[in-house]
Every structure is written in structure tokens, then in C-alpha cells.
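Q: Below are the chains, spelled out letter by letter.
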Amino acid sequence: MNEQKDEKWLDELISRSIDTSEPKFDAEQWKQKYPGEFQALVERGARRPRAARFGVLSIVIRSRIAQVAAAAVFIIAVGLFIAHLDLGGQQQGEPEQLAKSPAEMVTSASLRTAYNRGGMDALEEQCDRAARMLGQGLLSMKDVVEESNG
Amino acid sequence: MAQEPDSALVEAAANGDGDSFTELCRRYYPAMVAIAHSMLGDRHLAEDVAQQAFATAAVKLRQLRQKEQFAGWLAAICRNEARDILRSRKPACSIEGRRATGESDENAVCESVRAALNKLSASAREVVFLRFYDGMSYEQISAVLGMSEQAINGRLRRAKKKLAEYLRRDGYGEARL
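Protein chains in written order, with my numbering: chain S, 4 to 153; chain L, 15 to 191.
Note that these hints are calculated values from the structure, not bench results.
Some hints could be false.
Derived PhoX-like pairs: lysine-lysine, alpha-carbon spacing no greater than 20 Å straight-line [claimed, not checked]:
no.: 1; chain 1: S; residue 1: K34; chain 2: L; residue 2: K74
no.: 2; chain 1: S; residue 1: K11; chain 2: L; residue 2: K175
no.: 3; chain 1: L; residue 1: K175; chain 2: L; residue 2: K133
no.: 4; chain 1: L; residue 1: K74; chain 2: S; residue 2: K36
no.: 5; chain 1: L; residue 1: K133; chain 2: L; residue 2: K176
no.: 6; chain 1: S; residue 1: K11; chain 2: L; residue 2: K176
Heads up, incomplete: computed chain S residues facing chain L, CB under 7 Å, no partners named [claimed, not checked]:
no.: 7; residue: L13
no.: 8; residue: I17
no.: 9; residue: T23
no.: 10; residue: E25
no.: 11; residue: P26
no.: 12; residue: D29
no.: 13; residue: W33
no.: 14; residue: Q35
no.: 15; residue: Y37
no.: 16; residue: Q42
no.: 17; residue: L44
no.: 18; residue: R47
no.: 19; residue: I68
no.: 20; residue: A75
All C-beta atoms, glycine included, are put in the ideal place defined by N, C-alpha and C.
Kindly generate the complete structure, drawing on both the sequences and the hints.
A: Here is the structure:
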């Protein structure tokens with residue numbers, strides 16, 4: 004009861020003693036008073052898309068851990084690229100990949116390469132494959148050498 | 015735009031939408047003026063401080079991580095601005111009245127109320143000003159103070175009880191009005 008009484012007379016006293024009328028915000032006046040601050044806010048939006056485009060890059064630049072991770076990824080990528088190049092180089096030297104016809108398969112260069120790769124077994128195998136492609140039975144080494152020398 | 019939640023307006027403002035920012039200013043201007051007024055005791059100065067707080071907020075808005083806590087963040091900026099003013103001012107300050115001139119009895123009563131308000135703690139005085147300023151909902155006060163409406167009611171009740179005690183001690187009360 005006493006508290007309710009307090010509320011009424013006190014509320015009235017406070018309202019009479021302090022200017023508590025609603026203050027109105029004048030946006031235009033504020034913009035004129037703080038042009039730099041408002042401009043900074045609005046211009047930030049114009050710069051935003053560029054920042055978003057380079058968002059990942061900016062994170063990498065700012066974070067030390069991200070820098071190390073990015074460097075590791077770069078090194079691994081370069082390593083894989085070099086390994087891929089080496090593998091390609093090795094594959095290029097294999098005659099059976101390049102020799103398409105039986106004639107090509109029994110040239111002295113192809114036969115030498117086959118011999119270097121796998122010795123007599125590889126040489127025999129290449130000759131057999133050339134013979135199979137020609138539709139003939141198995142050729143002896145003598146036939147092949149005679150054929151090659153004309 | 016008036017119905018938009020704070021977080022949406024803050025997000026838009028942070029992306030450079032000036033209208034969203036001025037809507038936020040319009041929404042929280044009474045609260046910021048009330049907070050500064052409770053600290054400085056001067057309505058006109060309080061309005062300047064509130065506007066300065068908006069300027070600071072415009073520059074620092076990107077630093078705000080939790081967009082839904084904009085009101086509390088803004089209130090903290092406003093309090094800092096008011097503290098800077100207090101530091102650069104004479105130590106003694108009192109809450110000024112709404113009437114510069116008037117009958118002497120009326121003035122005496124108002125002076126006593128202001129003196130009683132100055133005796134309250136800063137947080138208690140702040141909640142009284144926020145509650146008595148026009149155009150402010152409990153929801154806004156709750157957002158600004160980061161407290162539930164029940165907690166605000168409790169703090170307000172305790173503050174008013176103390177005020178009543180101070181005023182009765184000075185010889186004022188419901189009987190004299």
C-alpha cells in the first residue's frame with residue numbers, strides 16, 4: 004500500500020523535476036554534424052564487394068597459422084607437379100606406347116629400347132606382339148633380324 | 015524499416031546502408047540521451063553526447079561481432095563519451111531541471127528531487143531516467159541494459175524506494191504535494 008503511494012507521488016515529482024520529454028533524432032542534422040563518420044560508414048559498403056572477393060586472401064595474410072598452411076599447400080602442389088612431369092617423361096620413352104604398327108615395333112630403335120628395358124624377354128615379347136598384329140604365327144629372332152635388315 | 019529487427023538493420027548498416035544506420039539512431043536516441051542525462055545532469059549536453067556516440071558507432075560498427083547486442087554496445091559507447099565529458103568538467107555536477115525559472119517552492123522541490131537522484135548509484139539513476147524518458151518501451155530498455163524486464167522492474171523499484179526515503183528525510187512526501 005505504502006509502496007503504491009510512493010509510486011504515485013514520486014513518479015509525479017520525478018516527471019516535474021527532470022526534462023524527460025522524448026528527444027527526436029534529426030538524421031540530416033546529424034549527417035551534417037558528422038560528415039566524415041557518416042561517409043566512412045557509407046563508403047565501407049562500396050568497398051565491401053572487393054573485400055569479399057579477396058576474403059580468403061585477406062584471412063591468409065592476417066593469420067600466421069594460415070600463412071604456414073598456405074605455404075605447405077603451395078610446396079606440396081609444386082612437388083606433385085614436378086612428380087607428374089617426371090612420370091610423364093618416363094612414360095614417353097616406352098616404345099610400345101608410341102609404336103602403333105608392327106613395322107614400327109620392329110625397327111632397330113624400338114627393339115633396342117625394348118632390350119634396354121627388359122632384356123631378351125622384352126625383345127621376344129615385342130616381336131611376338133608385332134607378329135600377332137600381322138596375323139602370323141610366332142617368328143623366330145632370326146626371321147626378325149633378317150626382316151629388319153632387309 | 016521501422017519494424018526491422020536490430021540485427022538486420024545493423025547488418026545492412028555494416029554493409030554501408032546509411033538509412034539503416036539512421037533508423038537505428040532514431041530508435042535508440044531517447045535511450046542514449048537518457049543514459050547521458052543520468053550521468054551528466056544536463057539535457058542539452060546529453061543530446062550532444064548521444065550524437066557523438068552515434069558517430070563513434072558509425073566508425074566502429076564493423077568491430078561489432080554480435081549484431082543482436084547493438085543496443086548494449088551503443089550504450090557502452092555512450093557511457094564512455096559521457097565519462098570523457100565528466101573528466102574534463104568540474105567534479106561537482108547536479109541534474110538540472112526542466113524549468114529554469116518558476117516559483118521558489120516548485121524550484122525547491124525539484125532541487126530536492128535532483129539532489130536525491132544524485133545520491134543514487136549510477137546504475138539505479140540510469141534505470142530511473144530510462145524508465146521516465148518518453149517514447150521508450152520496456153523492450154528497448156531491456157535491450158540497452160542487457161537485462162530482463164523483471165530485473166529492470168526490480169532495480170527500478172529499489173531505486174524509487176531509496177528516492178522516496180531521501181525525499182522524506184528532506185521533509186517531502188505525498189502529504190506535501
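Q: Now look at each hint and say whether the structure bears it out.
A: Here is how each hint holds up against the structure:
1. S/K34 with L/K74: holds, 16 Å
2. S/K11 with L/K175: The hint holds at about 12 Å.
3. L/K175 with L/K133: Holds - the C-alpha atoms of L/K133 and L/K175 are around 13 Å apart, at most 20 Å.
4. L/K74 with S/K36: holds, 18 Å
5. L/K133 with L/K176: holds, 9 Å
6. S/K11 with L/K176: Holds, at about 15 Å.
7. L13: Hint holds; S/L13 Cβ to chain L Cβ min 5 Å, cut 7 Å.
8. I17: Nearest chain L Cβ about 5 Å off; hint holds.
9. T23: holds, 5 Å
10. E25: Where the cut-off is 7 Å and the nearest Cβ of chain L is about 4 Å from S/E25, the hint holds.
11. P26: holds, 5 Å
12. D29: Cβ of S/D29 sits 9 Å from chain L, so the hint is violated.
13. W33: Because about 6 Å separates S/W33 from the closest Cβ in chain L, which is inside the 7 Å limit, the hint holds.
14. Q35: Not OK, violated: S/Q35 not within 7 Å of chain L, min 11 Å.
15. Y37: For S/Y37, the interface hint holds, since the closest Cβ of chain L sits about 4 Å away, which is under 7 Å.
16. Q42: violated, 9 Å
17. L44: holds, 4 Å
18. R47: holds, 5 Å
19. I68: Violated, about 20 Å.
20. A75: Check failed: Cβ of S/A75 comes no nearer than 29 Å to chain L, outside 7 Å.
Of the numbered hints given earlier, the model fails hints 12, 14, 16, 19 and 20; all others are met.
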